[in-house]
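Peer 1: Letter by letter, the chains look like this.
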Amino acid sequence: MNFKRLLSLFIARNKEYYRDRSSLVWSFVMPPIIIGVVALAFSRGEDALFKVGTLNADPSVVEQLVGEQPSVQIVDYSDREQAITKVQFHQLDLLLGANQYWKNSDSMKGDVVEQLLGLASNPQWQAQSISGREVRYVDWVIPGIISMNMMFSSLFGVGYVIVRYRKNGVLKRIQASPVKPIEFLSAQVLSRFMINMCVCAIVFVVANLVLDFVMLGSYFLLVLSAALGILALLSMGLIVAARLSSEELANGLMNLFVFPMMLLSEVWFSLDGAPQWMVTASQFLPLTHMVQAARSVMLDGAGPAEISHHLLILTAMSAVFLGLSAWLFRWRES
Amino acid sequence: MPAILEVRDLRKSYKNVEAVKGISFTIEQGTCFGLLGPNGAGKTTTIEMIEGITPPTSGEIRYRGVANNPEFKTQSGIQFQATALMDFLTVREVIALFSGFYQETLSLEKLTQLCALSEFLERPAAKLSGGQRQRVLLALALLNDPQIVFLDEPTTGLDPQSRRNFWQLIESIKAQGKTIVLTTHYMDEAEYLCDQLLIVDSGKIITQGTPKGLLREHFGFTYIDLPEGAMAADLLANFEHSVTATGVEIISHNVDQTLQTLIELQVDLTSLQIRNPTLDDLFLKITGQNLRD
Numbered sequence: 001m002n003f004k005r006l007l008s009l010f011i012a013r014n015k016e017y018y019r020d021r022s023s024l025v026w027s028f029v030m031p032p033i034i035i036g037v038v039a040l041a042f043s044r045g046e047d048a049l050f051k052v053g054t055l056n057a058d059p060s061v062v063e064q065l066v067g068e069q070p071s072v073q074i075v076d077y078s079d080r081e082q083a084i085t086k087v088q089f090h091q092l093d094l095l096l097g098a099n100q101y102w103k104n105s106d107s108m109k110g111d112v113v114e115q116l117l118g119l120a121s122n123p124q125w126q127a128q129s130i131s132g133r134e135v136r137y138v139d140w141v142i143p144g145i146i147s148m149n150m151m152f153s154s155l156f157g158v159g160y161v162i163v164r165y166r167k168n169g170v171l172k173r174i175q176a177s178p179v180k181p182i183e184f185l186s187a188q189v190l191s192r193f194m195i196n197m198c199v200c201a202i203v204f205v206v207a208n209l210v211l212d213f214v215m216l217g218s219y220f221l222l223v224l225s226a227a228l229g230i231l232a233l234l235s236m237g238l239i240v241a242a243r244l245s246s247e248e249l250a251n252g253l254m255n256l257f258v259f260p261m262m263l264l265s266e267v268w269f270s271l272d273g274a275p276q277w278m279v280t281a282s283q284f285l286p287l288t289h290m291v292q293a294a295r296s297v298m299l300d301g302a303g304p305a306e307i308s309h310h311l312l313i314l315t316a317m318s319a320v321f322l323g324l325s326a327w328l329f330r331w332r333e334s
Numbered sequence: 001m002p003a004i005l006e007v008r009d010l011r012k013s014y015k016n017v018e019a020v021k022g023i024s025f026t027i028e029q030g031t032c033f034g035l036l037g038p039n040g041a042g043k044t045t046t047i048e049m050i051e052g053i054t055p056p057t058s059g060e061i062r063y064r065g066v067a068n069n070p071e072f073k074t075q076s077g078i079q080f081q082a083t084a085l086m087d088f089l090t091v092r093e094v095i096a097l098f099s100g101f102y103q104e105t106l107s108l109e110k111l112t113q114l115c116a117l118s119e120f121l122e123r124p125a126a127k128l129s130g131g132q133r134q135r136v137l138l139a140l141a142l143l144n145d146p147q148i149v150f151l152d153e154p155t156t157g158l159d160p161q162s163r164r165n166f167w168q169l170i171e172s173i174k175a176q177g178k179t180i181v182l183t184t185h186y187m188d189e190a191e192y193l194c195d196q197l198l199i200v201d202s203g204k205i206i207t208q209g210t211p212k213g214l215l216r217e218h219f220g221f222t223y224i225d226l227p228e229g230a231m232a233a234d235l236l237a238n239f240e241h242s243v244t245a246t247g248v249e250i251i252s253h254n255v256d257q258t259l260q261t262l263i264e265l266q267v268d269l270t271s272l273q274i275r276n277p278t279l280d281d282l283f284l285k286i287t288g289q290n291l292r293d
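As they're listed, the protein sequences go chains F and D. Using the UniProt record's numbering, the letters of the first sequence map in sequence onto residues 1 to 334. Using the UniProt record's numbering, the letters of the second sequence map in sequence onto residues 1 to 293.
In short, the hints are calculated from the structure, not lab data. Glycine included, every Cβ here is placed at the ideal spot set by N, Cα and C.
With a straight-line cut-off of 25 Å between C-alpha atoms, the simulated DMTMM-like cross-links for lysine to aspartate or glutamate are: (1) K174/D x E104/D; (2) K127/D x D20/F; (3) K15/D x E333/F; (4) K180/F x E104/D.
Some chain D residues flagged as far from chain F (calculated, every beta-carbon gap over 12 Å): (5) T57; (6) S107; (7) Q113; (8) D225; (9) Q266; (10) D281.
Label pairs and their in silico Cβ distance ranges: (11) V17/D x A326/F: 29 to 39 Å; (12) N208/F x R92/D: 38 to 48 Å; (13) A116/D x A201/F: 37 to 47 Å; (14) A201/F x T26/D: 57 to 67 Å; (15) N14/F x A82/D: 23 to 33 Å; (16) L312/F x P55/D: 33 to 43 Å.
Required output: the full structure, derived from the provided sequences and hints.
Peer 2: Below is the structure:
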């Protein structure tokens, strides 16, 4: 590996990216638009129902308490931790257990429903107070949208450039120089990696200024999740670009990777309750691990141990994809 | 002069087609070597095998006497036909990029002067004219101060003035003792620039030698061209001739005598043209087709 050659290619690629206004616009303008639309769409028209969870509560007692309240929706839980987390993030207004109930002291709706059901004045019921800020849909979806943007930027960013270079003969010209494939590919990946990390950080900061979303965990872990996710997605893009010289075919193949990830990687909705095969299939997609790791860090304050399996899988995927793309790579269409 | 490049029994096969069928030749240092042939003759495949772009099916290529010489890539310069450049970089930046690939390079000033780049050094590569692009591609081929330069149809698509300017550039490179390997569709170009010619067709060598030597070997006559209608059809039987699109072409082994006969026959000589055979004629004669067909 000759670092002078790698550095020359890296600098040139960065300049090209900066001057290609269309990709610049795509990187910086699209995510805020999507986030803005999502924030607007889910900030209004909240349903009037109160959501009350039950955890090992006597159904007849619940019926007696809630039966005459049409504005209260009951959801049963068997997992105590999950149910309490829902209260913590304001996804449940109140949780009824056996002779005790949990409510979030930061939740206005929790206070209202407590009064509505007459729990505070009933000595049979013991109140358990939890605190935690509300997790809106926009908080939940932010890691998904930013990761999705990184997916597009990584797959198409690195893949399209190489396919275009091959099509118009630039790769052939570079092949005739002393540059080795590993130097060329490394420069492309490094350049795009650096750009995507910057774009990711800028979009995150700007979106946070506007929406003030939930971030409970460590920024270091969030950056690490983003870095490994971007690396895995870039490597995936390299595989598609390894031999093609048709942008149309490359576009089709990229979409073959993009659509399953859009649908199965929990960008827009959770796969809780989805068929098992769907959940299993999603585990083979790098975006799933990137989104889940980022979401765990941001919403659950997850530590290294809780997301280590995501990080390991992303590292393994990057290694396999990079190895495969280096093996498949040809300067010219075969 | 010592050989800088030796090619021995070079072959290339694709699926069902044998594009190059055992070609052997030697290129001497400091010469301009022309590789000519009609489209599909195998010249680009041959050149690309030498350049290391296409792997040969069999055969050997020796650079300075060494097969697979690792020095070749750093000591050669290549200008491909129809190669794009990085659209969003300026000419200066493209040159800086490629300069980064080599340990030692010519200075930007010298390249700018040699290839006349000063007018468009700050222009994006995507906005260059055909002639300007060719000059930049030539600069890229020369920036590592190569010992051997490959130029694949460097003047195709250029206007006559740009072609002439390009020839001057190539001559100045040659004057520095560099070896040039040129493929071209233009016979006048080959005749003007090349010291040695190799003509290939259907993957095989048809003939090789110096331009003058080849013309001497294949033609012992001069052409006398007359426009259509200058001579009655029955008089043509007195001459070895061929009918062309614009008139008649008399093949003369003795110009004085042929002219004397024409005068005696009272042929109108107002638009008569006498010309020596060119490489175009040679090419037509030995391949049976025009080079640009």
